[in-house]
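Colleague: In the order they appear, the protein sequences are chains A and B. Residue 25 is where the first sequence starts when you use the numbering used here, and the numbers rise one by one after that. Residue 934 is where the second sequence starts when you use the numbering used here, and the numbers rise one by one after that.
Just to be clear, a hint being listed does not mean it is correct.
What the hints assert, rightly or not - Derived, one-sided and incomplete: chain B residues facing chain A with beta-carbon distance under 10 Å:
1) Arg-1007
2) Asn-1027
3) Asp-1255
4) Gly-1259
5) Leu-1265
No wet-lab data here; the hints were simulated from the structure. The beta-carbon is built from N, C-alpha and C at its ideal position, and this holds for glycine as well.
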Amino acid sequence: QIILCFHRSFEYSQKHAVLVPVAALGVGGMLVFWMRSRNRIKILEMGNGWWGSGERPLKGREDRSIHPFKIETSDKEIEDLHRRLDQFRYTPHVEGAAFHYGFNSSYLQKVVAYWRNQFDWRKQVEVLNKYPHYHTTIEGIDIHFIHVKPPYVPHGQAVRPLLMVHGWPGSFYEFYKIIPLLTEPARHGLTEDDVVFEVICPSIPGYGFSEAPHLEGFDSIAAARIFHKLMSRLGFREYYLQGGDWGSRITTNMAQMLPQSVKGLHLNLVFVGKQGWRRLISIMLGAYVPWLVGLSREDARRIYPFMQKNVYDLIRESGYLHIQATKPDTAGCGLNDSPVGLAAYILEKFSTWTDKSFLYKDDGGLESKYSLDELLTNVMIYWVTSSIVPSMRFYKENFSRDPDLTLHNR
Amino acid sequence: KFCSSLAGIMLLEVFLALGTVIIYFLFSKKKEETLSFKEGWWGRGQKPDSEEDTTIRPFKVETTEEELSDLFRRLDQARFTEPLENSCFHYGTNSVYLKKVVSYWKNQFNWKKQVEVLNKYPQFKTKIQGIDIHFVHVKPPRLPEGQSAKPLLMVHGWPGSFYEFYKIIPLLTDPASHGLSDEHIFEVICPSIPGYGFSEAPHKKVLVGPFQFGILYDSLILNVTNFNHTLFLFICVPFSGFIFSHMKGLHLNLASVTNMGVIHLLSILLGRYLPGLFGFQDEDVKRMFPFLKKGLYRILLESGYAHIQATKPDTVGCGLNDSPVGLAAYILEKFSSWTDMEFQNLEDGGLER
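Please model the entire structure based on the sequences and the hints provided.
Modeller: Right, dumping it as structure tokens:
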């Protein structure tokens, strides 16, 4: 009987023995599924597009070649510029205006005098050509980019591809000083063990030497997709990204589209998307107990007083954004015809966006951080390519479709 | 007896109280809120101690060959940017149409002839608070017996000018010749707002707003009219409605809504479903709702210019002062959209209609 009981209990426990692992498997399986679904990244749809004028060619017939090119200028171009600078019509500013009404017209006269008499565009074109430039056609438009490879690779080091994207009113030229530190760190006092990059800086379609889209709808997602195609055409499957201003939006989209290709993303402008109750409360409390909501002293100094520094300042500085996001063709028309107007419009941003306190200076503090040669070379890129209007259209294409850009923030 | 005297006293008290209340209301109603008259100085440098020159000098618009050839040179060298396919006027002034305008401007528009048109009404300049104020002053050619002309000040807006009134002036100064009754005859004064057209621009910042211009106009009228400022009418276009003590009447063709209260909010939320409750008619409902689309988004879509001009005027105007084509594109876009929003769907912005 004891044996029978034992036997029966053994059978019973055998049943349990099977059930437990099965149950464990079931629960375990569910756990794994739940954890994986939480971690599964939501990807941005890549889609496709065509921005060229005229008929779209059949699939597979698009020209995928990459052409090197050099930036050129001519006597005619320089004479035309000089004539326009000479005929500039000046409006006196109100007394004591500094930069509060926009670009100070007295200082503008000095800039124009330098531009006319000392700025050497031919020399600056040589500076621009020191890195190799290329053109390639993607989705119907010519995409311009510079591609700088390291001159030598230290033993055992892998060269990492890095795509750097500019914003408005900047250009690929903004990266010229940092490229040597990325491609040849050893020569610039950085250690041998540092990573070495090969750098690609494209021009956003509609900016500089990249062709402007001919059709409506070219937004940052389209730009992101085109840049992925560019990197793929150059033979890269994995790469790093850097972006500021529109470049920040575009590179973020790129990471959202093909996360497996983007190994790292560095942004020097971050868009704050998610607004919620927690944020509101931490803003309200942060003025009194910053440490409670995770703000350092410097953070608190910069954020408060909140209305003044965030709301009023934003309203004061976003007029350009408002008009460019609604009537770009009107806003840019005169600027494409008057180089001085173009310079005033662009350089005002280089002043205020470097340091807000520059608004109080009669010269906008520009030459305290930059040389006129550097500033005017950037302006000349917009001038010689007539790209100010398409560059402004990018604002309308991005904001009118999705005013608070929520697609990117999900 | 005690009762009757008490009742009598009470009645007296009631009458006194009522009387006081009535008198109070009668007098308080008369006291209107007016904006206080402030003195200003907008000229260059310090205000001089000497008396201001109050003479009124006649003025004629002039042009020169140099001015014309400079204009043609700028028109010839204009650089246009191709519009996006099928974008009409949605992105602003369409540059394909703009090229046609520039071609007309170069080849057919006759500025000398237009200057003569401008000079058909007598114009003057006078210095007020340090700056030269330009104005047109048209007196009626004839007055029926016993009638006096009513002085009428008409103020333009942006991006308009005194020229916008040229077609209506004859109907106001000489109604009889235009088939209208001559019960009301006006002498019309159209100034240019300081900083606009032929009026000098203020050299000082701060407080240069419609209020200050109102004071300027008042001084202008006091200088200009021979009347003891008893009869005085006022017509305004954007930017210029302000109440003065001598005003007999005010006509506005753009009214700003400033006082937004709970009732206004409710009318926006419920007006679509209960129009009668808020006094809306069918046409009102058609124009106002859906509110977000027709109200808020439309305002956002059209107010970019206001935003940048209210913050960085010297930047945005710089290029426009240098490029006549850019200036035309900027101004004509408003003449298109502000005449009819639907014109944005037309390739030519409906301008020549």
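Colleague: I'd like to know which numbered hints this structure contradicts. Please list them from smallest to largest.
Modeller: none
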